[in-house]
Structure formats: C-alpha cells, structure tokens
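*Asks:* Each chain is listed here by its residues.
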Amino acid sequence: MTGEWTKARPNVDLDNKEFWDGLAEHQLLLWHCGECGAWYWPKAYCNRHDNQPFAAQMGWRPASGRGRVFSANIHRWVFDPHWADDVPYAYVLVELEEGPLISSMLVDLDAAATEAVSLIGRPVEVVYEDHLDVEEGFVLPKFRLVQAEG
Amino acid sequence: MGNTRLAIVGLGSITGPQLGRSRRMLTSEAARLAIEDAGLSRQDIDGAVEMRAAPGGGDRSTFVDAFTRMLNLPVNFYFPIGRGGALASLGIAAAYSFLERGMANYVLVAGATDTRSRAEAAKLLGHRGRPHDREKEGYWGSPVGELRAVSHHSWMAARHMATYGTTSRQLGAIAVQIREWACKNPEAQMYGKHITVEDHQASPVIVDPYHLFDVAQVSDGACAFILTTEERARDAKQKPVQVLGQGFGDVTGSLWWEKLNYTHMAVEKARDLAFGQAGISLSDLDAAMLYDCFTAEVLFQLEDYGWCEKGEGGAFAESGAIGPGGSIPVNTGGGLLSAYHFDDCTGFVEAVRQLRGTAGERQLADAATVMFTSHGGELLSPGMCSIHATTVLGTGR
Chain A
141 MTGEWTKARP NVDLDNKEFW DGLAEHQLLL WHCGECGAWY WPKAYCNRHD
191 NQPFAAQMGW RPASGRGRVF SANIHRWVFD PHWADDVPYA YVLVELEEGP
241 LISSMLVDLD AAATEAVSLI GRPVEVVYED HLDVEEGFVL PKFRLVQAEG
Chain B
32 MGNTRLAIVG LGSITGPQLG RSRRMLTSEA ARLAIEDAGL SRQDIDGAVE
82 MRAAPGGGDR STFVDAFTRM LNLPVNFYFP IGRGGALASL GIAAAYSFLE
132 RGMANYVLVA GATDTRSRAE AAKLLGHRGR PHDREKEGYW GSPVGELRAV
182 SHHSWMAARH MATYGTTSRQ LGAIAVQIRE WACKNPEAQM YGKHITVEDH
232 QASPVIVDPY HLFDVAQVSD GACAFILTTE ERARDAKQKP VQVLGQGFGD
282 VTGSLWWEKL NYTHMAVEKA RDLAFGQAGI SLSDLDAAML YDCFTAEVLF
332 QLEDYGWCEK GEGGAFAESG AIGPGGSIPV NTGGGLLSAY HFDDCTGFVE
382 AVRQLRGTAG ERQLADAATV MFTSHGGELL SPGMCSIHAT TVLGTGR
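Which chain is which? The protein sequence lines are A and B, in order. Everything in the first sequence is counted per the working numbering, starting at 141 for the first residue and increasing by one. Everything in the second sequence is counted per the working numbering, starting at 32 for the first residue and increasing by one.
Extracted from the complex, chain B is given alone in its bound form (with noise of 0.2 Å):
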C-alpha cells in the first residue's frame, strides 16, 4: 500500500429530469461543473476516468465518443470503468494508481445516467408489441420470469425472512428512516414526500416480497468529481475530502459457492481492508451512505458491517438507529431508495457534502468520517456474484 493519500477537491453533481440531454453532455456538463467547483481550468486536467455502469462487468459501453472530447479536456489518458453501481469507487481506485506513480495531477472522474428519460421516452413511444431480442450471452432467465433487477434482488429479502424471521415491515422501517432524510434534501426525488411504515405497507406489491416503496428511484443525472494528492490538495479552493481507505470484495470469493450470498453481501474483507487503510472502527463512522438500491440490501449491510448482529437487522432498523437522531444515520441525503438512483455516486455525492459541510438542513455537526458503499454486477442470474466496496472518506489529517 502507497502512502500517497488522494483527496477530492472538486465536484460537479446534476440531478432532476434531464429529457432531451444525452449522458454524454450530462457528463461533459458534470465535468465542467467540477472544474468550476476545484477552481481550476480545463487544462490543468491531464487525467480521465468515465463511470459507466456496465452490466455484470463484461459488456462493452453502447455508445462512443466521450466527455473529454466534448469538453475538450488535454487529458494523458481516458478509459471507462465500472461495474453495474460500483462507479464512484471504482473510478477512485483506477485514478489512484495514476496520481501516486506522478502520471497525472488531476484526475476527473465523470459519468451520468439517463434511465429516467428513456424510461419516459419508451412511454411515449409506446409499445409497438415486437418480439424481445434474445437475452444477453451469458445471462439467464429472461425467457422464464427474469425481468429487472427486482426479480432477483427480492430473493434476498425473501430468503432473509425465511430464515431470520425478517419481516416486510421492518424493510419499511427502513424506508421510512431514509425517506425521513430525503425529506431534508429538496434535490431528492421524494422530497417532501413523508411515509410512514403503515403507507409502505399498503403500497403496492411489486414483486412479493416488495412493496414500492422498497425499490429504488428511477433517475436522471451526472456527477463528477477531481482527484489530487493530499499535498496538492493544500491549496484547493474547496476544503478537500480525503480518501482515507478503500477496501473491495466478491461475491465469488466465497459467498457464492457456500450459497450464503442471499442473505450476506462480500463486505466482510472489503470493510476489513478499507478500515485498516484508514486506521477506523466502526463506531468512529459519523454517517454511513449505504448502497440501497432495495430495503433489504440495507439491512444486510447493517448486520454484515456489524452495527447489529447477523439475522438481527430487522431489530436494528426498527429501533429508529438510522434515521435523524438515529446512532449511525444512513443516507443522508435520502440515497437510491428516496433521493435518487445514481449508482454508488449518490451516496459519494452526499459523502462528501456532509465532509465539506455543505449538506444544508440535513448537515450532520461535526462530521469528520464517512463511508460511502457501492454494490453491482450480477454476473448472470441466479449468480448473483456481485462486487461490494467500501470506501472511507474524510476529513483527514
């Protein structure tokens, strides 16, 4: 492990309905937004890295062309990296290796997603009832009942309940902790939208065992963000955010093989590598963005980063622990399920606004380290064989 410590000293953050702009001006526009933000020009970044979520980790991206064209950015190198919502991480481990060998002084780490807009787009089109196409090489079970991520994501809330007792109204404890957050964030999607568990449960069932309102934002937006050594950062216009730690694990280590990935996510080496990094234990953690694409993806992270007991996290959510005043607030910002869904870059975004102090009404005192999770990559379905990261971020030394 290097001794080169990276920090973030500028942020570019779209979000809201973007009808009618491609993902490329999104980030391009992100990108300049960054720039503005760390007070630096164009030319002073001669580093890239574009976040595209692609699926499982195989597929190559569908369109061409990027943001550092379009911006025209003097960059030494671009290439795209991501794996389904492990983005904002990903890009800070890739643009490390860059910054500590001195092959670049900025790195802009950019990517956006339209999902909202085609969603409507294909609504406005309609459905002109042609056949699918077939389903991806190496995929399985689109031709017998696989049709979004919620057909296999509610497998882990279904198998959790079946053998921890977990019930459908403690996933809406947990919604409504985090829709309690959103509602302190006027950019969030549900924004002044208050739920109460009695209003998740009479929500509709999407896929039993989920309700909608255990299912995350569909979602607009473009998020950027500047790389530099701790050392350049002294100068930043921004007060910087330091990347204390980052750790990764895989489903496919052994999860996968011991058939326990339905009810654990790979957090186990990825949180032991990133706190040893960053030198922290749990409990110095002031905010936790949790990856929340579903309730139960929460609550299995509640109980494998250990603020509660495996099987237990049902409990935990209830007793009010995550929500305002709660003793880890997770979310802040109202994240996937209630804010906005934008992969792993949602709950870096609010990461690293309450670091800097900017989180408005929502702002936690005094906080001073953070962790933001990122989860993705099915490999095929059932496989489930997904990457889970950790990455602490800070205030620093």
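Just chain A, with the same shape it has in the complex (with noise of 0.2 Å):
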C-alpha cells in the first residue's frame, strides 16, 4: 500500500498542527499548562485558573502514551468499501495516564473473537502507524493492549 490512502485524510489546522507533527517524529504530544501541569486534549485554555492572552502559558509536551481503555466498540460491518478489509476492528476511546480522552483503532487484537465490553478497564500503549509517503504524508496513533506480565 505504499504511496497510496483510500481513507478520510486528518484535517491538520492551526490548532493541532504541531500535535500532527509529534506524530511524524513518533511522539504523542498533549497540551500542557506551564502554571499548574494540567494536561488536555485537544487544545483548551486550562480550566482551573486564569488564562494569559491567547493561553500562552500552555505548550505541546511529550506524554507517556500509556492508558486504560474507557470505553471500546467492535465495528462489524461494512460502512464503506475502503474499510473492507479492516473490518472487523476495535475503535476504542482511551483514558490517557495524564487525563485526556484520545479515541484510536486497537490493532493487534482478534476482533472478531472479542467483545466490546471486556476491553474496558484494560491497559493500552500507543503505536505509532506511518504513512508518510502518500501525498501530504502522516502518521496515525493506534493502540494497542499491554500484555500482562508473567
């Protein structure tokens, strides 16, 4: 599949441009407040104290791009011919360890063989999925479970 991508392209604006950045250079950058080392995703003025102009007193930083399932879905059916061949997949929204909520694909997983609900509470950690060499080129955060140890 090199060079080519038949699906919806992400839509890098103003305010998540250097998030898509971080992506290119394997890292999952979140917004962070200088003052009082909240984090959130996407870009937010912080929400417990006072703002300087513009929120300037927040900037990108490197989380760890390790969290826990929050909530999770089995997509089984075919919505889109482009996406025949993924199906079925596991779209989960995940409970970063610094707080923000981020919702990717969990890849490594038998989806046909798993329900839903029983990945919910499980850890996961971010893979990072290239494709740089199409036009205006990207990388994807995905997921994966951690497997447990022993």
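Please keep in mind that the hints were generated in silico from the structure rather than gathered at the bench. Model, not experiment: these values are computed from the prediction. One should not assume that every hint holds.
[Claimed, not checked] So the derived label-pair ranges between C-beta atoms look like this:
| no. | chain 1 | residue 1 | chain 2 | residue 2 | range |
| --- | --- | --- | --- | --- | --- |
| 1 | A | 174 | B | 303 | 33 to 43 Å |
| 2 | B | 396 | A | 191 | 40 to 50 Å |
| 3 | A | 225 | B | 48 | 24 to 34 Å |
| 4 | A | 225 | B | 388 | 32 to 42 Å |
| 5 | A | 247 | B | 134 | 38 to 48 Å |
Ideal Cβ positions, reconstructed from N, Cα and C, are used throughout, including at glycine.
Relying on the hints, combine the two individually framed chains into one complex.
*Replies:* Here it is in structure tokens:
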C-alpha cells in the first residue's frame, strides 16, 4: 500500500499542527499548562485558573503514550468499501495516564473474537502507523493492549 | 422570563421516501401544508426560521436559496438554526424572541431531510473507489475508525454496560416497546414489523454492542409548524398546542470535563428549566418523546429525567414501562428507531398530534402535557459535547 491512502485524511489546522508534527516524530504530544501542570487534548484554555492571552502559558509536551480503555466498540459492519479489509476492528476511547481522552483503533487484536465491553479498563500503549510516503503524509496514533506480565 | 406563551397553530409533515425531491422543495411543501393546516395564507407569515441539522454546530449549510423565496413568503426575517438533532427545539426558542417582541405575528419554522434518498442515490451511482476527502476541520477519528454516528454513540452503550451491568437484552426491550408503538402508526417505516427481544438479539451486530435494531431509521421527510402568541392562537382553526416550557443543557457544562458524558446526558438543567417554566413535575407528563437515535440514548434519559435511578434504566425498560399500557408512554409514533429519523421533529410532530387528539389508533386518552427532547452536536469525536433540550407542550390554560 506504499504511496496510497484511500481513507479520509487528517485535517491539520492551526490548533493541531504541532500535534501532527509530533506524531511524525513518533511522539504523542498533549497540551500542557506550564503554570499548574494540567494536561488537555485537544487544545484548550486551562480550566483551573485564569489564562494568559491566547493561553500563552500552555504548550505541547510529550506524553507517556500509556492509558486505559475508557470505552470500546467493535465495528462488524462494512459501511464503506475502503474499510472492508479492516472490518472487524476495535475502535476505542482511551483515557491517557495524564488525563485526556483520545480515540483510535486498537490493533494487534482478534477483533472477531472480542466483545467490546471486555476491553474496558484494560491498559494500552500507543503505536505509530506511518503514512509519510503518501501525498501530504502523516503518522496515525493507534493503540495496542499492553501484554500482561508473567 | 417573559409572560408571553407561544402556541403551535399549524403543522405540516411529510414522511416516506422522497427520491427526486430536493430538501428545498420538501421544506417548501411542508411549509405550504402548515399554512393550509392553520387556515392562514402565505401573506400572514411574516417571519421564518429554517431548521438545518448543522453537524457539531459550526458548519455552514451546504446549500443556499430558501423555502421563503420558493414559496414566496413575505417575511421580515429568515435565518437557519440547528445543532445536530436539536431543530424544532431551537426553532421554537428562536421564534419566541421575535414573537414576544412583536416583531412578527406568525413565525413559520420548517426543515427537511433527504438522508434516505441520498444514501440510495449513492448506491445507484456505485462506489467509484475514489479516495475520501479530508475529514472536517476540528473533527477527529475518520482516518482511524470513526465512520458513522454509531462509531462513537456505541461507546455510550458500552460504557454504561461496563459501569452498571446494563445488558444488550435490556436495550432490546427499549427497541421492542418503541416498535410496538410504531406498529400502531401507518406512517412508520417499521409499521407492521413486530419484533421480540430475540429478534433484536438475532439482528446483525453493526458496531458491538449495537445490533441493527438499536439504531435509528434512515429517512426522508419534512416538517413545518407555525408559531404565534397564545392570545392570537385563540382564533386558530386547529386546537392550539402551547409551549409550556423549555430548557437547554450542554455537555460542556460539566459532564464532558468530568468524563460522565458516556453515561449521562445534559438533562438536569434542561429539565429543571423547562419543568419550572411549565409548573410541572415528572409525574404530570402523559407521554414523553425521547430523542432516540440509539437505544442507549433512551435508557440514559429514563434515568436522567428521574423515572428511575442512574444505572437502573435497563431494568426499568424491561418492566414494560415505556410501551403501550406502560406507566410512561415513550415515542408513541415509533420514534427515530422505528418510525422515521428527522431529528427532534419526529418527536415534536407526534407530541403535537397527541395533544391535538389526532394520533389515531395510538391516541392516548386525555393527553394534556407531553414533552419532546432533543439531542445533537458532537463538536468532535470523542468530544460528544452534546446539546440536550427539553420542551414541554400542552393543551394549556
């Protein structure tokens, strides 16, 4: 599939460009308040206190990439022929260690044999899926279950 | 809060497949029907609001020109309003201001949907295999699995199941009871198609944990209604239906920040405002048209409005409370789940019919106070930053 991407493309805008640049470097950046240490995604003014103009006290910082499944589903129906090869797949809402929620696909999983509710609460870690060779290339963050020890 | 009360004095409703008719044409026709229903002429309409389901709340509509031009309505003002499935509720809220301030005598609120025809046209044209466009600015998820409303709405069902032990069979009980109501409504897309919980369980899993029967219909349709003041409505041709109270809530108020928006909806403030204005409590409602894009939405509202405790919605539904003969009739026309999906207009139209006494076989005896709810406007996924509206209608004082 080198050089081809037939699904929807990310929309890189003024508020998320640095986030997408971080992914290209295999970093999961989150929006961080320099004053109080709170983390956000997507970009927001800090909720806990007054802000400097244009939230100047905040910036993008690398996060751990780890979290837990907050909610989950398994797509079993092909809505779109471009996704026919992906179905079935797990699409999860992850609560990152730092606090924010972010959604993505859960990979390295036998989605056909999995029930969505059973995924909730399980620890996950980010994985990076490179598509830099397509026009306006990008890297997608996805997640996989952290394998239990022992 | 003003003392002016609004009344609905005209109603136009179009349902069923509408292949070949533009939304503009459908809206114009619904408007024409509403004017006829009210016994008015188009010259009486001096204000217009168009209901357009702008996703999220920030998109501009994708088409221009308006039913006011097509139908030749001599209005002083016209503007579109809407947020996701919150259409009729916002139309009423907008019209209130103009009527209260005497800037119009009769405000016509109208809109249409052609989701079914567009889906069928896309199938006819075939999938050409062209790469998709960029996802919308400010949205998230389309490249990584977010494809349809069910792609994120299903998280609400899953989270509620994990938190409270709600089961798919309990969601099925909701689908079955609303289907029973649809089977009393010849306009319902699922009219004549009775289902059981076993049928629900056997229906294909679309996005686990949602089965096919957990998901709303795909429909064409149009709705128009005419609002005026209570006073002016005294001379109306049809029995006026009054707007007794309205309230709005938004998930960005607190639920989103507290990560509760996958088990709760922004009902509390909306309900308290609306019930306060209407001077009612929950037990005064004769029926409730609960926004039902998916079964879990109904379950959440049963809890959040207070018919049962949080977490008990499944058991409450299983008790048969919401179907024919139940303690709180819900979606007596079949709702979005079994009748047709035109956002909150589906529930609005059914509420008006129950109050006018024109609901046919499914008419509730002595219906005097009915609410319809509205939901919509995911700002981004996984934001689920949704509006909730409570509108209480009644046969008035």
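*Asks:* Next, verify each hint and record whether it holds.
*Replies:* Here is how each hint holds up against the structure:
no., hint, verdict
1, 174/A x 303/B: 33 to 43 Å, "holds, 39 Å"
2, 396/B x 191/A: 40 to 50 Å, "violated, 57 Å"
3, 225/A x 48/B: 24 to 34 Å, "holds, 32 Å"
4, 225/A x 388/B: 32 to 42 Å, "violated, 55 Å"
5, 247/A x 134/B: 38 to 48 Å, "violated, 57 Å"
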